[in-house]
Amino acid sequence: MSDRTLFQLGAPLLFGALSLTANAGEITWEVVETAEPVEASAPVVKLLLSADKIYTAAGDVIDGGTIAIAGSKIAAVVPGASGDHEGLHVGAITPGMVDLSPRIHLADLSVEESSETIPYLSTTDGIDLFDKRWERLLRTGVTSVMYTPADEACIGGMMAVLKTGGEPSIEDRLVEADVALRGAFGSHASRGNHPVYGRPTDHFSRRPTTRMGTEWVHRKSFYDALAAMKNEERQFEGWEILASVLEGERPYFVQASATQDIRTAIYLKEEVGLPLLVVDAAAEAWKEPGLLVRSGTAAVLPPHAPQGRTAIDNGFLAWNTAKTLVDLGVPVALSSHGQSSVTGQLGAQAGYAMRGGLTRDEAIAAVTITPARLAGVDDRVGSIEVGKDADLILWSGEPFAATSRVVGVVLNGEVVFTSSN
Amino acid sequence: MLPTSLTRSLTLLLAVGAPLWALTDDPAPAPVETPEETPAPEEPVEEEPVEVVAPAEPATLLRAERVHVRPGEVLENAEVLIRGGFIVAVGQGLEVDEDTIIVEGKEVCAGFIDPWSTLGIDSASASDLGTEASTATAKAASPFGEKYARQWAREAGVLMTRTQVGQNAFVGGLGAILRPSASAEHLVVLDDANLNVTCGVSRGGRGDVFDRVMEADRIGSMISGGLSYREAQVEYAYELKEWEAAIAEKEAELEKDFKKAKKDREKEIEKAEEKDKEFKEERYKEDKRPRTPRYDADSEVFARVAHGELPLVVEAHGAAELRALLAATEGFGRLRLVISGATGAAPFAKQLAERDIAVLLQPLAPGARANGERSGFDNSLFGTLAEAGVEVLIGTGGDRAADLPILAHLAIAGGLEREAAFEALTLGAARTFDLADRFGSVEVGKVAELLVLDGAPLQGRPTHVFTAGEVVEL
Amino acid sequence: MGISTLTSALAGALLLAAPAAAETPSAEAFALIADHVAVDGGTVIENGLVLVDGGKILAVGPAADLQGTLADTIRVIEHEGWLTAGIVAANGTYGMVSGADDSTRAFLGDLELRDGFDPDDSSLAKATGAGVTSFGLTSGRGNVAGGTGAVVKTSGGTMLNESSHLALCLAPPALRGNRFPTSYAGAVHAVEARFTEGQGAFGKVVAGELGLEVAVSARHEIRRALDLLKRTGLKATLRGADRAGDFAPELAEAGHAVALSPLGMGTSPWRYESITALVEAGVPFAFGLADTGSGADCLRFGAALAAREGIDRGALWNSLTASPAAMLGVSGRVGRVAAGLDADLVLWSGDPLELTTTLEAVYVDGAQVEATEGDAK
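Chains as they are written, first to last, in my numbering: chain A, 1 to 421; chain B, 1 to 474; chain C, 1 to 377.
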């Protein structure tokens with residue numbers, strides 16, 4: 001690693017506009033005049049961050065290292081140099097977290113309920129980026145999310161990955177659109193529905209009323225899509241999206257919390273052939289982990305809840321669920337599922353997962369690179385690697401330890417939050 | 001101490017055989033010295049709330065192009081010197097100390113008073129229908145809640161409100177003058193600004209015209225009841241004095257002829273024993289103490305109202321109620337009546353002017369609808385009443401005291417003279433609610449509740465407000 | 001009001017140059033002379049004269065210059081106070097006696113709102129009495145596409161434009177549980193599909209034959225509408241977008257206009273800040289009546305409140321007159337006191353942006369309408 005020094009970036013290294021100093025965990029900075037004009041093409045390093053430990057989530061932990069940020073990207077990650085530059089020094093740095101189930105949505109208005117299958121809708125068309133909860137996520141270190149609507153439809157539209165900060169517009173925050181298709185099993189997709197009696201008065205009078213009905217809608221939709229793939233005449237609105245899921249171009253994220261619903265999801269995967277299935281809110285995945293292993297299914301776990309019962313179909317989440325699944329090789333991502341309480345936040349879930357047996361590295365992966373990979377945006381976010389977005393969490397000490405706190409958050413190369421402001 | 005009954009004191013004395021003089025002649029059996037009597041807890045004296053006097057802090061000098069001393073009186077390029085929360089000088093070229101804080105502005109005038117408000121109390125108290133005459137708004141006042149409404153009020157120059165609990169109750173209780181203050185210390189300026197009653201307003205449905213008119217009569221009887229109550233009190237005080245004198249006289253008389261009285265009494269006892277009859281003590285006619293009239297807080301309030309010690313604010317709207325109300329209150333010479341709401345007051349303008357009854361109106365904002373008893377309200381009523389010589393006051397009628405200057409504009413649009421509107425918000429309101437000795441104008445000796453404005457009063461925006469003893473820059 | 005008060009000579013030169021002034025007034029012609037004649041938000045003529053003939057404004061200028069050119073027989077009405085153009089409400093549902101929403105279907109773009117308009121409805125006279133002489137007849141918020149609106153006069157119900165704009169709503173009232181769409185995403189998808197298909201009213205909007213009004217409220221709704229308009233390349237008037245100030249530069253760049261709900265007593269400070277941002281960015285804005293239960297007199301009152309808050313008076317007066325006329329595509333007819341335009345005029349006791357000012361007379365098409373502001377309640 002000795003050849004990867006800061007001066008081999010191929011451009012003069014300048015401390016751009018900011019000079020940062022760390023003092024007892026508090027961050028301060030002052031504006032420093034640049035000595036000379038810099039060539040426009042040169043990657044100007046505007047921020048240097050060093051830490052006692054850098055958890056890259058890309059396979060290594062650097063004891064005492066420095067991250068150089070140019071523009072919105074990570075320009076260099078080098079060992080050493082800790083504390084001997086004008087930049088900022090903190091206890092530890094991890095990648096910004098990725099939450100695949102943030103659940104910040106406009107309730108009923110976020111999901112089209114007039115039809116049970118709406119793959120052709122963009123869920124981000126129903127987003128409220130002015131919601132105060134986005135900023136709260138950012139301040140707790142969640143820098144990217146997969147936008148999730150309410151799970152009131154069986155097949156609920158295409159999802160996008162967004163940054164949690166920046167201008168409140170999709171244009172500014174979008175990491176990637178249409179990354180995955182959304183669906184739901186369990187009681188939510190049929191909640192409130194009733195059989196048609198008399199004159200239908202609302203959408204509740206025609207959608208599935210049972211879990212079997214929900215499953216039937218799924219199977220019908222995918223079989224219709226399979227038919228449409230072979231026969232042009234059988235094409236319908238959104239068939240190509242279902243086809244892309246069947247062909248493994250994008251994953252199918254489906255909410256299933258109770259064992260019966262996880263089984264249903266996996267049976268569907270095996271029956272119609274869904275190469276990429278991710279079970280969201282998979283609280284009871286620990287009961288039959290073999291099913292996930294057998295089918296190659298990934299899991300997004302909901303936050304731990306008092307007495308273990310989660311809000312989704314009362315699914316029981318055991319303390320060691322993440323550990324059990326990770327040990328078996330199941331890709332596991334943790335999520336907040338919309339919980340903003342101290343115990344429900346994503347960072348806390350990583351801590352709980354460690355208490356349940358995960359190593360720190362595994363826990364960090366479960367809130368960074370694994371969710372980024374499941375959403376197909378690991379080329380942009382999820383780890384500390386040269387060329388990736390500079391989305392970082394600055395910690396006072398060991399990340400996710402009860403005694404540590406987030407002292408700063410870097411988003412797209414900008415310090416967007418420090419503990420002193 | 002109330003004198004004990006003569007008979008009882010005599011009986012006691014005679015029964016124990018201790019002669020009255022014994023107490024004076026023989027100092028030996030010193031009576032058990034009761035500890036010096038603690039004075040009976042005094043009735044809480046209705047003191048003027050103590051104004052906050054800033055301790056020997058630097059004085060403040062407000063310097064402005066125009067100082068509106070009082071409605072109709074303006075000083076050009078003048079100064080106002082404030083020390084210890086009071087206006088100590090108004091004039092030109094006032095002497096200042098080195099440490100005097102100088103505030104410059106365009107115009108200076110007295111702070112505005114919203115005479116019809118619910119700011120400072122919770123909505124439940126404001127809409128309470130179970131209030132009585134002695135229910136005091138000041139007790140419900142709280143410096144918390146409605147943070148922005150208070151802040152906006154101060155920013156709009158409204159430094160006091162006449163806040164009322166039981167807005168729609170038949171008898172709403174005592175109104176208070178409150179500051180839209182953020183501190184408990186400076187909240188209450190006056191805790192008995194007025195008594196509020198309503199006549200024919202809807203309280204979950206409006207009664208028919210007879211019900212409404214009957215309320216006017218009931219108001220009349222209550223004031224009348226207040227008068228009788230006060231009369232009884234006065235009479236009692238007089239009788240008591242007489243009785244005390246009579247007792248003293250008789251006691252002296254008995255003391256003088258004590259031996260004879262003792263003998264006579266012993267004889268009587270013997271006689272009774274002989275006849276095997278029970279001895280009966282002689283009853284003296286002086287023993288009949290005048291009866292104490294029962295104290296009643298509510299009647300007390302009405303008594304104060306009847307005697308003009310408190311203004312009576314009556315909300316009434318329809319012509320029928322107003323007519324009945326005017327008739328029912330006619331005989332009370334000292335009554336200080338203020339009619340609020342007064343939607344249908346136009347035909348009574350002359351009578352209101354003759355009887356010096358102030359009218360408190362809530363201007364109707366364009367776009368807003370006047371519902372219920374207020375339907376038909378038109379801002380032109382301001383012009384009609386003012387022209388007839390009625391004193392008109394302007395109130396917001398809710399917790400949005402900040403709207404007061406805007407409402408004043410609507411009153412002007414309705415025909416009220418600009419100067420009269422200014423007066424209604426300052427000295428007029430102060431006069432009506434007994435604040436004029438301390439507030440309402442920029443005169444020496446008054447409390448500094450002032451505005452420094454960037455334009456003419458009502459039009460301009462306050463840049464500073466001087467309230468509760470300190471100047472606040474906005 | 002006026003940003004600039006033209007000197008009489010300059011104003012005379014400018015305004016008399018209008019071809020209409022050259023025409024000979026008929027016997028019915030009359031002149032109104034007022035202390036202040038507000039041509040629009042930017043120009044006020046002191047002691048101005050407005051010559052009215054045949055329901056139209058024939059000439060406008062300083063009385064000193066114009067009076068001499070008039071025949072002695074012409075009736076002259078002198079007014080102490082201000083003379084302005086009639087107020088134009090950016091939107092309203094006055095006269096829609098059987099309701100402004102047909103809730104049976106979410107998409108009713110081709111429904112003509114003029115068909116539900118009753119020109120004799122009493123609410124219209126009340127609006128006239130408040131000085132509001134024209135308004136954009138539009139739908140409620142009950143449908144995603146509520147129909148094709150019109151531009152109407154409040155007195156006599158004259159149609160200035162029978163098919164002026166397509167009224168869309170991308171806010172909850174249009175999204176209902178008993179029909180498609182129930183969600184924002186569904187509504188956006190369906191609207192976009194219709195613009196792509198280009199049928200009926202949607203097609204006319206794409207072709208530029210019809211204006212577009214999009215009703216929104218919350219900031220995310222404004223954001224969503226802006227994204228949709230960007231994708232479809234359309235310009236629109238955002239109705240009820242009271243938070244539009246947060247998007248002012250973007251709105252200015254995209255060329256959208258904003259129809260705000262009226263200001264009133266108790267308006268939160270952010271609304272004034274939002275309007276200030278629109279003024280600074282140069283976004284055309286106006287006030288509408290469709291989303292309020294308040295009477296028409298709230299328009300001027302709200303603008304006067306805004307003036308009191310220090311917002312540019314010229315821009316505010318334009319927001320009541322010239323801007324909505326332009327937004328509704330009828331600036332060739334109403335919205336200013338200029339030669340050739342309809343003689344829809346209001347006489348005020350003073351500056352109409354002062355709270356203390358009262359309305360004294362209203363003229364529509366050159367005829368005085370029996371109404372005073374008091375009647376508006």
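Read the hints as simulated data drawn from the structure, not as lab findings. Incorrect hints may have been included.
[Said to hold, decoys possible] A few chain C residues that don't get close to chain A, going by computed Cβ distances all over 10 angstroms:
1) ASP35
2) VAL97
3) ASP101
4) ASP121
5) ALA125
6) GLY186
7) GLY198
8) GLU209
9) ARG219
10) ASP227
11) LYS235
12) ALA307
13) ALA338
[Stated by the list, open to error] Restraint-style ranges between C-beta atoms, simulated for each label pair:
14) C:GLU273 - A:SER419: 22 to 32 angstroms
15) C:ASP118 - A:GLU167: 27 to 37 angstroms
16) B:ASN371 - C:ASP115: 48 to 58 angstroms
17) C:ASP115 - B:GLU473: 56 to 66 angstroms
18) C:MET159 - B:GLY376: 42 to 52 angstroms
19) C:THR69 - B:ALA319: 50 to 60 angstroms
20) C:SER98 - B:LEU129: 39 to 49 angstroms
21) C:ASP118 - B:ASN371: 18 to 28 angstroms
22) C:GLU370 - B:ARG203: 38 to 48 angstroms
23) C:GLU273 - A:GLY80: 42 to 52 angstroms
[To be verified] Computed footprint of chain C on chain A, listed as stretches where at least three residues anywhere in the stretch have a Cβ under 8 angstroms from a Cβ of chain C:
24) 87–94
25) 107–121
26) 165–177
All values reported here derive from a predicted model rather than from experimental measurement. Beta carbons are placed, not taken as given, at the ideal position from N, Cα and C, and that holds for glycine.
Would you say VAL97 (chain C) is clear of chain A, with no C-beta pair closer than or equal to 10 angstroms?
holds (28 angstroms)
Separation of ALA338 (chain C) from chain A, once the least beta-carbon distance is taken, above 10 angstroms:
Answer for ALA338 (chain C): holds, closest chain A Cβ roughly 40 angstroms.
Per the stated criterion, does the least C-beta distance between GLY198 (chain C) and chain A lie above 10 angstroms, as a non-interface residue requires?
holds (18 angstroms)
Checking the smallest CB distance to chain A, is ASP35 (chain C) really beyond 10 angstroms?
Nearest chain A Cβ is 47 angstroms from ASP35 (chain C), so the label holds.
Between GLU273 (chain C) and GLY80 (chain A), does the beta-carbon spacing fit 42 to 52 angstroms?
holds (51 angstroms)
Count the residues of the region 87–94 of chain A whose Cβ falls closer than 8 angstroms to any Cβ of chain C, and tell me whether that reaches three.
violated (count 0)
That 38 to 48 angstroms hint for GLU370 (chain C) and ARG203 (chain B) (C-beta), does it hold up?
holds (39 angstroms)
GLU209 (chain C): least C-beta distance to chain A exceeds 10 angstroms?
holds (27 angstroms)
Examine each Cβ of chain A, and state whether all of them lie more than 10 angstroms from the Cβ of ARG219 (chain C).
Incorrect as stated: the minimum Cβ-Cβ distance to chain A is 4 angstroms, not above 10 angstroms.
MET159 (chain C) paired with GLY376 (chain B), Cβ distance criterion 42 to 52 angstroms:
violated (35 angstroms)
Does the Cβ pair ASN371 (chain B), ASP115 (chain C) satisfy 48 to 58 angstroms?
violated (33 angstroms)
Supplied distance hint 56 to 66 angstroms, evaluated on CB atoms of ASP115 (chain C) and GLU473 (chain B)
holds (59 angstroms)
Comparing the model with each earlier hint shows violations of hints 6, 9, 10, 15, 16, 18, 24; every other hint is respected.
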